[in-house]
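**Student:** Just so you know, the protein sequences line up as chains A and B, in that order.
Letter 159 of the first sequence, counting from 1, is numbered 159 in this note's numbering, and no numbers are missing.
Residues are numbered in this note's numbering as their position in the second sequence, beginning at 1, plus a constant of 211.
One thing to keep in mind: the hints can contain errors.
Stated by the list, open to error - Pairs of lysine to any residue residues, derived as SDA-like cross-links and limited to a Cα-Cα distance of at most 20 Å, are as follows: (1) B:Lys413 - A:Glu75; (2) A:Lys62 - B:Gly458; (3) A:Lys13 - A:Lys88.
Please keep in mind that the hints were generated in silico from the structure rather than gathered at the bench.
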Amino acid sequence: MAYTLTINGKTLKADVDPDMPLLWVLRDSLDLKGTKYGCGIGACGACTVHLDGVAVRSCQTKVSAVGAKAITTIEGVGAHPVGAKVQKAWIDHDVVQCGYCQAGQIMSATALLTKTPQPTDAQITSGMAGNICRCATYIRIKAAIAQAAGLTPPLAQPTEPVIIPAPPLPPHTPGPPGGGLPANAMPPGPAAPAAAGAPGARVRPQTEGAL
Amino acid sequence: MIETPILSRRNVLKTGAAAGGGLFLAWGLNADGSAAADAAVSELNAYVTIAPNGVVTILGKNPEMGQGVKTSLPMLIGEELDVDWSRVVIETAPVNQARYGGQAAGASTSTPSNFEPLRRVGAAGRQMLVEAAATAWQVPATECATSLSTVVHTPTGRKMTYGQLAARAAAIPAPDVKTVTLKDPKDFKIIGKSVRGFDSPKIVKGEPIFGIDVDRPGMLYATFTQCPVHGGKVKSVNFDAVLAAKGVKKAFVIEGQGDIKVFGGGLQTGIAVVGDSWWHVKEATKLLKVDWDVGPFADHSSAKYQAQADALAAGPGQSIIKKTGDADAALAGAAKVIEGAYSYPFLVHAPLEPMNCTAEFKDGKLEIWAPSQQPEGGRRSIVKIMGLKPEDITIHMIRCGGGFGRRLNNDYMIQAAMIAREIGGAVKLLNTREEDFAHDYYRSAGWHYLKGGIDAQGKLVAWKNHFVSFGEGGTVLFTAELKPSEPPAPVVENFTLEQSLMDCAVAVGMMRAPVSNAVAFCSQSFLDELAHAAGRDPIEFQLEVLGPPRVTGSAATKDVYDIGRQRAVLEKVRDISGWGKTTLPARTGMGAACYFSENGYFGEVVRASVSPSGQVKVEEVWVVGDIGRHIVNPTGAMTQVQGQIIDGVGQALGLAITIEDGKPVQTNFHQYPLIRMPAAPPVVHVTFTETNNPPMGLGEPALPAVIPALYNAIFAATGKRLRSLPIDAKQLRA
């Protein structure tokens, strides 16, 4: 069957079986591989895409059921203002570990914020409950969504650990000074709760550690 | 499309002088990371290439699976090279252990084994750039300094960029990396600063950078179906029906070889279905009707293992793993003897990217694109099983959508290679989630029958463990073992560890923080149990059991255990968590645990509440870790620890693989509730205490302690001591 699909604002044609899930049409017929296979039973959320702005599981959506609905995938979600904010927040909060689930997370978060621009903590939690992150980046996902929503004060957690430096080493023959600052380093995050330092220990201020 | 142009470009790289244990290679990249149109770029060393426009390309040598080494290892080189990090491009190195040393991701070893060697690589490159500038200016190199990819002649202020110097520097013989000067750590500008994951901008846009995204011209797709009971063989199969299905090109049996229960050991018999799209082959796979010879394990079950373990524990251990002092006599003389039978189930790794591999067989040569934690091990297995020469196999290391130890076994790589050879072309093997659940190298189940003795003063005087595990021919299975040095063995005066073994239906293997991810639960829960029996504060009791700061074990026996470091993290987490000073609501409790795993020392406190119906909610977690002198990338370190804590909580809250009729019952995520946002602890405080010890890795060591800390918090909240994983909410009802 030949299907005409509207994907990320473009019209694309796919000659596939009617019962082929949209996931595999996207990945293997149309070379849009950002949408991921995780479970094939709609349980993990890695395959989340939007149909007319609503988050759906593309592994459970037959291509024949899409009809004229506009499909948005991770490759196109950045063209929407909310999607772009979410993607930026994901980078700002260094959310990604392995990254495999994050396309689905971003699609769910964008759908959530499109429908509920100022979600409560509980609304974020329930809105994201369908997406598994095996690396368990949930704390940063929530913080990133809070940033994208412009929540004040944000629900954000610190992105920097507390680091208590070691006592000084014996004298060292120094090499030449210099070195570059990583320009893609982190922005200052919200302050972490101060650790009770041991006598003489210095707790690195959060803004100092974050460049 | 993915990576192929870049990867194939690597085949035509020129080689030059050796340094840092590697050959010097070079190719060019534009600032956006794309290949340069010409080769006007300069080789600096095996890891570093500098283009005339100043873009520095650094290779990441180890597999990336979410632990962050693709970013953090190049940071080590960039630090000593003194680069302008904003103009660094990171590429994945080719798989070539002769050139790059070990290229595996496991046991949290990437940081410790590369921390100094990669700094030396960077320092050697910097020395060459300085020498090139000094020669051009005809000044002594000692008058030159570097900063932000620029060499400065300090007396005159003259400057040349690395881009301008690269060609000249590349012509200079490489210095011996052993002789180069490293920075004083106080001058570090990149190490110790938070750097975001290099690939994250691609990931949030859905760029195809994972193994599952690999594409080859004319590529076919495949599934591989193994006997539901591990090790079973095919008696007959209805190939006619499968071959008649739409899109199917070929279907065939691949006979198993070797012993899959030996690490890296083999291939199980299975059926490959190959076709023109993965959807077609997956649908066709459903039509398979196989008459399996299921082998000897078909009557195995988790219930039988439990009964067998109980029966074995009633008798003497089959072997003694460790005996110090006289635990029996000390127990006989103890004021109180406490017994606890602890157990934990099999777990499946379930990285979110299912097992997959793309392989192409052409003219007797094999090219492989593998999301693997140790691709070289895959090459060895393919050489052994397929009889190919190592030099006829090219392996490309592709980002893994999670590993957790699963991808240390390369079974899926061997399967893809066998299928590619059979069809004489390119194939992407993608196994279903169900196949992944059915054929993992599971985290082993285990049973600890513990006895502890307390004297009249409330001190621990004896510890005895009859450990029941799995083995073959009297040898415990790899990762199902308990080492004689496993805590608390080094610190208890009267200590006995006995072992008895049972046959196992399934293969077991390394899972994030192998062995300690399970055994910490048993020993750290039991210590808490003993502390309460003694009427003591659990942290104070544990500190007493640890004893004074000292080091046990030896480097030669690879069991160094620094009790001072273990104490310090426990004391610190006690202090920052408000331990013992917090008034808690009803059915809310705090629990503590500490553990030493993968060379990291961790102390952890969990605050959890238990609802009247028995539902456990982890409210807050405090973590203190000591992994040595440097936290290379703090943001990465923070997220690794938080991920491990939430992973451990998730295991405790509900994960188990149970065996019935010789096979795993759970088939997919609907029966294996990986933790999601609602159950994840919302706050995880992370503190690192840097100590003057070599820096260690951080992909694993925070996980083990959180599970007993949670169980101990549940006891504090409810007075109920649970002794098996996962948590049984029914036992916690008010």
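**Student:** Now, for every hint given, state plainly whether the structure supports it.
**Tutor:** The hints, checked one at a time:
1. B:Lys413 - A:Glu75: 10 Å, holds
2. A:Lys62 - B:Gly458: Judged against 20 Å, a Cα distance of about 18 Å means the pair holds.
3. A:Lys13 - A:Lys88: 31 Å, violated
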